[in-house]
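Go ahead and model the full structure; you've got the sequences and the hints to work with.
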Amino acid sequence: MTDIKMEEDKNEVKEMVSRPDYDPWIGSFVLYCREVAQIEVLSEKEEKELMKQIVEGSKSARERLTMGYSRYVPLFANYFCKRYYIKEGWDFTFFLDVVQEGNLELVRFINQYDPKSSIDFRQMAFWSISKAICNALG
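For any residue, its number in the working numbering is found by taking its place in the sequence shown, counting from 1, and adding 1.
Check the hints yourself; a few may be wrong.
[As the list claims (entries may be wrong)] Using C-beta positions, here's what the derived DEER-type ranges look like:
| no. | residue 1 | residue 2 | range |
| --- | --- | --- | --- |
| 1 | M125 | S61 | 34 to 40 Å |
| 2 | N79 | M125 | 19 to 25 Å |
| 3 | R84 | V56 | 20 to 26 Å |
| 4 | S59 | R123 | 15 to 21 Å |
| 5 | K117 | V31 | 21 to 27 Å |
| 6 | C135 | K53 | 17 to 23 Å |
| 7 | Y80 | M125 | 16 to 22 Å |
| 8 | K83 | K49 | 18 to 24 Å |
| 9 | R84 | Q124 | 31 to 37 Å |
| 10 | E64 | I120 | 20 to 26 Å |
| 11 | E50 | M125 | 17 to 23 Å |
| 12 | E57 | F93 | 37 to 43 Å |
The hints are simulated quantities; they were obtained by calculation from the structure and are not laboratory data. Idealized CB from N, CA, C, for every residue including glycine.
Structure below.
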């Protein structure tokens, strides 16, 4: 089943690249969004378990937590870009920069977060990502 899906994706990418109006930035971003969308949303229980593993020094738990929240970054970037910049007109590479800033802030936040604090991880992560995106937008 997975092999069939991978073959379909390869064919779709070949078709997309062969178009005369193909933009490599947009193509790579579409693939990124598809990959991120396939990541499962973390439950509160999973989140707490990953936090315990991170405290113990697990890099795989840190990566899983980062991937679990990275699916929200393009959504937030899209929301804030539409809210503040759709009227002025902006190019796609600007949007990619905004998404990258959100991802970098997510990694920074996860590295600095103290699981013993009373602050809810999810709320703080969302706030941190939103703040980074707003700062990137100027």
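These are the hints, each one checked on the structure:
1. M125 <-> S61: 34 to 40 Å: 22 Å, violated
2. N79 <-> M125: 19 to 25 Å: Given about 21 Å between the Cβ atoms, the range holds.
3. R84 <-> V56: 20 to 26 Å: 37 Å, violated
4. S59 <-> R123: 15 to 21 Å: 20 Å, holds
5. K117 <-> V31: 21 to 27 Å: This hint is violated: roughly 40 Å between Cβ atoms.
6. C135 <-> K53: 17 to 23 Å: Check failed, 32 Å falls outside 17 to 23 Å.
7. Y80 <-> M125: 16 to 22 Å: Given a distance of about 18 Å, which is inside 16 to 22 Å, the answer is holds.
8. K83 <-> K49: 18 to 24 Å: Violated, at about 33 Å.
9. R84 <-> Q124: 31 to 37 Å: Hint violated: Cβ distance 20 Å, outside 31 to 37 Å.
10. E64 <-> I120: 20 to 26 Å: With a Cβ separation near 22 Å, E64 and I120 satisfy 20 to 26 Å, so the hint holds.
11. E50 <-> M125: 17 to 23 Å: 18 Å, holds
12. E57 <-> F93: 37 to 43 Å: 41 Å, holds
In the structure shown, a violation is registered for the earlier hints numbered 1, 3, 5, 6, 8 and 9, in ascending order.
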